[in-house]
Structures are given as C-alpha cells and as structure tokens.
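These are the residues of each chain, in order.
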Amino acid sequence: MAALGGASVLRTPRHAANDVVDAVVIGTGAGGAPLAARLAQAGLSVVALEAGRAFRPDEHVADEVAADIYWMEERLSGGSTPTAFGSNNSGMGVGGSTLHWGAFCPRPDARDLRLKTLTGEGADWPIAHAELVRYIAEVEQDTGVSGPADYPWDPGRRYAYPPVARNASADAMARGCEAVGITATDAPAALVSRDRDQPHWGQRQACVNCGTCHQGCRNAAKTSMDTTYLPVAVAHGAEIRAGARVVSFAFDGSGRINAVVYHQDGEERRQRCAAVFLCAGGVETPRLLLNLGIANSSGQVGRNFMAHVATQVWGRFDAEMRMNRGYPSSLISEDMMRPGDAGCAGGYLIQSLGVLPVNLATGLARGAGLWGERLQTILRGYNRMAGIGINGECLPHADNRLTLADEVDGFGHRKARIDFSYHANEQAIDRHARRTLTDIWAAAGAQDIFAVDRSAHTIGTCRMGHDGDAAVVDPDGRSFDVPNLLICDNSVFPSALAANPALTIMALSLRTADRFLASRF
Amino acid sequence: MPGPTLVFLHALGASAREWRQVVDALPDHDCVALDLPGFGDAADAGQADVETLTDWLADEIRSRDLTACVLVGHSMGGKIVTLVAARAAAGEIGLSGVLGVVLVAASPPAPEPMDEDRRAEMIGWFADGQIACEDAATFVDANTATPLTGSFRDHAIDDVLRSSRDAWVGWLERGSREDWSADAGRISIPALILAGAEDGDLGEDAQRRLNLPHYATAVVKTVEGAAHLIPYEQPQRLAALICDHATAVAHAMLPQDFARLLGSDRVSHRTRGVMLDRMRPPPARAAIWTDEHSTTVASLVAQILPDCGTDRDLADRILAGIAEGTGDGWRFAVLPPDAEAWERGLATLNAATGGFFMLAPDAQSEWLDRIASGAVGIEEDEAHLSPAQMTLWFEDVRAETVRVWISLPSTMAAIGYDGFAVGGDGRRKQGYTCTGAGDREAWQPSAERRS
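Same order as they appear, the protein sequences are chains A and B. First residue of the first sequence: 146, per our numbering; consecutive thereafter. First residue of the second sequence: 32, per our numbering; consecutive thereafter.
Calculated directly from the structure, the hints in this document are not laboratory data. Be aware that a few hints might be false.
[Stated by the list, open to error] Some chain B residues close to chain A (C-beta under 7 Å, calculated; not the full set):
| # | residue |
| --- | --- |
| 1 | Phe451 |
| 2 | Lys460 |
| 3 | Ala468 |
[As the list claims (entries may be wrong)] Some chain B residues flagged as far from chain A (calculated, every beta-carbon gap over 10 Å):
| # | residue |
| --- | --- |
| 4 | Ala76 |
| 5 | Arg150 |
| 6 | Gly155 |
| 7 | Cys164 |
| 8 | His186 |
| 9 | Glu355 |
| 10 | Ala406 |
| 11 | Glu411 |
Treat the numbers as computed from the prediction; the structure is a model and nothing was measured. Glycine is no exception: its CB is placed at the ideal position from the N, C-alpha and C atoms.
I would like the entire structure built from these sequences, with the hints used as guidance.
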C-alpha cells in the first residue's frame, strides 16, 4: 500500500499571463474544484486562483483556536438574528471550505427543489432533482462516502464504505429517537472508513475517529478538494495558484471578461482568459460582483441570503460522553423533512453533535445567553455534555441580504455586511425543532436540557433562474449580463435545501462544467 | 504540587559540582545537575558538538520524564539551554515540560565574543593533551571577581584538570564559534538572564545584545560581586534569583499525566507548539489599555467564570487579543471595530455603574442582567455604546472570555479534555479506538482521578 498521499497540487507555472487560457476558476472549494477537474479532463487549459495557501493534510492542527483554514477577514453581521462567520462558514486555503467542512452529506430532498410548487413559498430549482442526483452519485463515487447499508428514506441508495463508528452523542440520539418513535440511522459522511487509493493523489487513510474534522483532516480520510478533485485537475494540466486574491476583471469592447486581475506575492498580476468561473462562496462571490458593479442588472446580487436554521439542544448525561471523540455527526434522521404540524415550508434534518470545547463554550455564551455559575458548571462538565442539532429550511426574505459596508479591506474592497433575521418560517422550524430535540434528549436520559440559537451556511446571494430580471445566473450558472462569466457555489442556490450544501455544490460544479462544455463544442 | 525541577548545565571546564552550593540553597526544589559530555564524571565521553549536546540535553529531559522543569545554563551550558528551549517552544516531542530558562553568564546562540589571543592561549594549555595545574588555576582565577577560597577553588581547578582535551578544544575552536541564532529564533519560554557585574566578554552588554533578543519574555539582571563563575562566587544570591523565576513560571505547570500526554507522540509538534504558547505570560499590555481596563475586564471575568475570580492574567490575554485585532472573522454590524467597541463598552460600563470593578459581586451581576436585557447604555455618543450595542458587546465579552479560558491547556487539563492528542507526526494518526459513552482508553488521563 502506498504511503499517505500528498502529491502537491502546486506545480511550476504552466501558463504565462499573456496566454489566453480557456478558463480561470476563482476559488478552489466545492464549487471550483470539481469543475476545474472536469474542464481540464476535457482538454481545456485551466488556471485556478485561490486566496489562501496550500496545506499538506498533516499540517492541520488539532486545536480550535490555532486552526488556520477559515476565511477570517471581517464581515459585518446585522439583522435581528445575526449569523456568525469565521470558523462557522467560509474557508481559506487550497480546497476552500472543504478543508474545514463537517462532511455530513445527506442528499437534497426532491421536495426541496420544488418548494414553490409544493408550498407556494420560496423558490423552485430550475434543475430536475433526478438530474442533480445523477451528479451527486457521481461525486459520491469520485470522492468516497461512508454510510449505512440501508438508508430508510431512500431504499435504493448505496454507499461505497461502511459507516464510521458512532460516538456517544450518536448512541444517545439513537436511544432517544427510538423511544419517541423517530427513525434514525448512521449518517452519510464524506469520508472513508477504509483506506482508499485516491486517483492522482495517493492513499487516503481510514478515519481514525479523531473528531477534528473542522480543524482539517490530518490523514485525508475526509473528502477535501485538495485531496480529490484538485489532483485530478492538475494531472490533466490545470494550474493552481495559491495566495492569489482576485481583485477585478478586465473587459473587452463587447462586455466579455478578457483577463482576471489578482494580487499575489505583493504584486498585481493578471491572467488572460476566455471564460471565468467565479466560485468564491456565498459571501465573497456577491461581494466581488458588488464591489466591481458588474453582473447585477437584475439587482439580485446579494439578495435572497439564506442561512440554515441550525438550532441545537444540549444536555448533561451521567456517563462520560467525551463527545469530541469520533466523527462528530455520526447519526441522522430525515423524519422531520416535512413535519406536518410545524407551520413551515420545508423541514429539517436532525443530526447528533460532537463539538469541541471552544465551539461549545462560545455557543453557550452567545446562543444560549449564558454566563456565571451555570455556564461555568456546564463547561467544567464538558465530558458529560452531548447535543443534537438540526439543519432546517430557510426561505428568502427581502430584508435578508448582503450589501457593502463603508469600511474597506486591505485590497480597497468594501467589506460585506450581511443582514439576517428569522421570519415566521424559520421561527416555526426553530420552535418545532426545540420541542422535538428536547423530547429526544429527555428520552435519551439527558438532564438540564437547554437550546442554543444558531444558524449556518451562506446561501442564495447570486440566485440562478430562468428570468434575467429575477436571477443573476441562468440554470447553467452563466451570468445574464457577462456572457463568459459563470458562477458556481452556494450563492446560486434558488432555495436553501435542508441538506447541508457542500455535496450539492460539488454536483452543481460538475454539471456547470458539462453545460459549459456542451455549449462550447 | 512541588515546583518545577531545576536542571543545571555547567560551564566550560566545570562540572555538575559547580552547582553544589546553589543546590544546597534550594532545599525545596528537585534539582538535577548534569555533567556535559567531556566534563566532570562524563569526561570520558569526549567531545560533543553543539548539535550533539543539544540532542543530549533534550534526551536527558525526555528520559527523566521531566513534565515541569526550568533549565539553568551557565556559560557554555547556556547556549545548549537556549537551543533546547527553542526546540521545546516549537513543540518538539517530550519537551513540553520546559517552563522557564535561567541563563547565567551564558554563551549566546551566536558566536561567543572572545578575545582571539585568549582563545589561542586557552587552546594552547591543552597542547600536550593535559592542562597544567597552574594554567587551570589561571583560568579559574581569571574568571572570578575575587579569587575563590578553600575547597571551592580546588574543585573548580580540579574540574578543569579532568576535562577532556577534545571537549575543551572542540568548544573553543568550534562550538563557541558556531552561529545557531537562526535556529534559536524567538523563544516564547520566559527567561531570566543573569550577568556577573564584573564579567568580561559575557557581561551585561553582551547578554542584552546576544541573548535577550532570543526571548519574547525576559529580564536581564546583574549579579554584584561576581565575574563569570557566578555559581561559585554568589551561590546564595543566584539560588534566590533562580527560585524566584521558578516560582514565577510555576503557574504554567500542568498536572503530570496531562503534561506527559501533551509531550507524547500522540500530539503533533504544531499542535503542541500552539498549546504551549498559551501557557506563556500574556504579551505586554497594548498602549490602548489602561490599568482600569484590565481591572474592569478582570471583574467581568469573575462574573462570567466565577471560579476564575478576578483573573488579571486571563483579562490581559483577552485584551491582548482584542488589541491585536486578529478577530474571529466577523463582528456585529452595529458595533464599531473590536478594539473601539471594547474601549467604548468598558467606558459605558464604568460610567453607568460608577466604577464596575468597585461594586460588590451581586451588584455587578445585577448590572450585567440589565445590560443583557438592553437597559444600560448611552445613546448617540462617540465615546460610549447605546443600550442595544451594549447587549451585543456583552455577548462578545462572554464569548471572548470563555474562548480564551477554555483554550488554555490548564483548562483542558481541568475539564479532562484530551482531543488534542489524537494524532502525532507519524505516518498513521492515532485517533480514538473507543467512542462510546463511558469507554476510556489506557492513555487517557482522568480529570476525576486528579481531583
């Protein structure tokens, strides 16, 4: 068996600034990496620009404060339920947010893509569920997913690897769910529970239950773009430039982008190109477009910001749970995808939680409004705490949007301001979830049960749709305004989907590449 | 818990014996005085170069399982101590117990300043393989402010006489000349740097110039009535200074089983390094913070985490992070940038309460309840925060306080957290084999067992 892989995705430059490359990809996360691989495999010349640095997996640090894989440039958070950024959301580094994502990868529910049709609320996707799922299956195949042999909510589904070990939170959730009549099973996890030889990269080692997925996987068990799709891209001639921060575009007389301008090593550089794929995530993508004043004839850039309702319920157990052990979200329930009595459109997924001490402490101090004896007692009892949480549908609302603040960053770009407030739908999901999770936790034997307010993920700020007046990109991800600009990340999602976004982003990425290639030849 | 073990490294031509009076004056400490290879009882080991000596000291620390120690290095021994401290601070395996450094007229990582004629003369003493008794006496007397008396002078001379020729010449020709300053870098372990008031080349000026820049937190002190052989010349004074430093760094001591785990191969050097950095003293207070700021934040700490009391150290760590402005990737849109928000928040708190830190704890608690409910603040004032802003700022204060506190290794030890010890630098990461409730693996320390 080969040693732990680690072929660097950074190679000597392959393209000169004046070469007109077929595609420049901005961002190397779930949105940019799969399409970079597919375009390169199709023979296109590809340059991918990444703002962060490149990591070897074992450079990651098993420490919440020192982990350096998050997008830490300041964002301003407003509204009545401001959402947290930093380690909670975007990533920085070759691999983007997949460096730190939780790898919890349920597939999107078919009903969620037709939310408007079925409920009159939110928006429909301009893509059929069956088509999206074909791409999702392909991503699962390409990257290796562990999951249960039988998935109760989708009997035909199969996963390549057996599920990872359940941790104490998962065992408690299984116990509680059974007692209250909710179906739960091992969660689909984008990691390998057996050693895997990843093409063009090397050995990804089986998950060792270390519990530090969010600090970066040190043995490449977890699916991350730097150990999966990016090596494929590089093997097929793509060039990845790390520490390359895109600041603007140059246009030709016909309104097409003809070069991407970026900062690297303290100087301004440019790369001429025929097409641009903007894959910088739900905050940086709209922020760049707004700063440059482009691709926004619809006025929709920055609008429809959605963050999943991510309420958590915590409790103390008699036994030592030590929830930092094991894959954090090792149990799932999709039973609440349509909670009939909740008064909301869509629904929510339930997952078991294993969080590390800093995350728990700041969550309690912020989301549960705790301080003093009670906070101290809970934190000292860390080893006996365990939680469950949800990922719930969020509808687009007119006042939830990303705009530009007056303050500027180190590149002279105005900072993002994101206003986010729960409305009736999100409040209904939160209420229903608190009740359900509390019942599960009480049945599981938890004591001193309490809830923590939390929202997660950055979705919807460059919506895709059929109508250029109401959407930023068409169903293929192409800008209605700039013909050779395509967007692929969670910003194009028309609705939030209850499923965590990364798997869908990767699937969209492959699809975006296919549609682009089809239009080109 | 007893204090950290004191590990002593002697000078060129000396031996562990040079520390005898110092060790006698430190009856409450575990002391380990070592013979460097080529000297004292280890004279037969012959010459060892700087790298070998550094490896040797690191191995001594590991093999003695020192989970809390202060390294004391005299002259030649000081260079070795600094280089091991650098490796410890960078997170090298098995060295996480190095809590402090005392340099005694220490040779620096850079080439040691030495008059070339003197160097040649000293090398010449060993030209025929064995130094003459009068040359050894000359050496000892030249390094003291006033000649040593009685048996101490005899010991010092005897140690020179029994030194290995290769070790003596090797140090003078190569070891003292090698430049290791880039490897030493800037070390986070707190140091006490001592100079003999009447020393020559390694006096206070050289210490400030060549050793001080390598330590992030260090003080330089001069020992009166001494030249270079301070352990012989001023043993009582030296022992008192070492004792003070050991006491000052003892707050960073971790429970032994936790310290052992942190030093083990289950932890990567990078993880170990960042955790050890948090055990060091907080950086010097930034110019924007006053004593009142620090006192007020300490009072807030006592309210948010009552067990901590008014922990000034924690308060200063929090304020240092805010002043540094590294941030956590976001802030509330209605608040100004973090440092300004904290300045204005603290000003508002003290204005509203007439001095928060002077109130009784119950009164402080009531004020915080009112702040959380949006009832305290000063509207439209550039030096203060409005009630709505105060509510959000207090949320930030809570989050920052618990974040800094719970990321301290001492807190991890106290709550029994071992999630940092899940994978070292080997090809396979260890992780956990047991993940169920109540299961424990043999390597896991138990907080309960300690308390």
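Hints, verified against the model:
no.: 1; hint: Phe451; in the structure: holds, 5 Å
no.: 2; hint: Lys460; in the structure: holds, 5 Å
no.: 3; hint: Ala468; in the structure: holds, 4 Å
no.: 4; hint: Ala76; in the structure: holds, 36 Å
no.: 5; hint: Arg150; in the structure: holds, 44 Å
no.: 6; hint: Gly155; in the structure: holds, 51 Å
no.: 7; hint: Cys164; in the structure: holds, 57 Å
no.: 8; hint: His186; in the structure: holds, 48 Å
no.: 9; hint: Glu355; in the structure: holds, 12 Å
no.: 10; hint: Ala406; in the structure: holds, 15 Å
no.: 11; hint: Glu411; in the structure: holds, 18 Å
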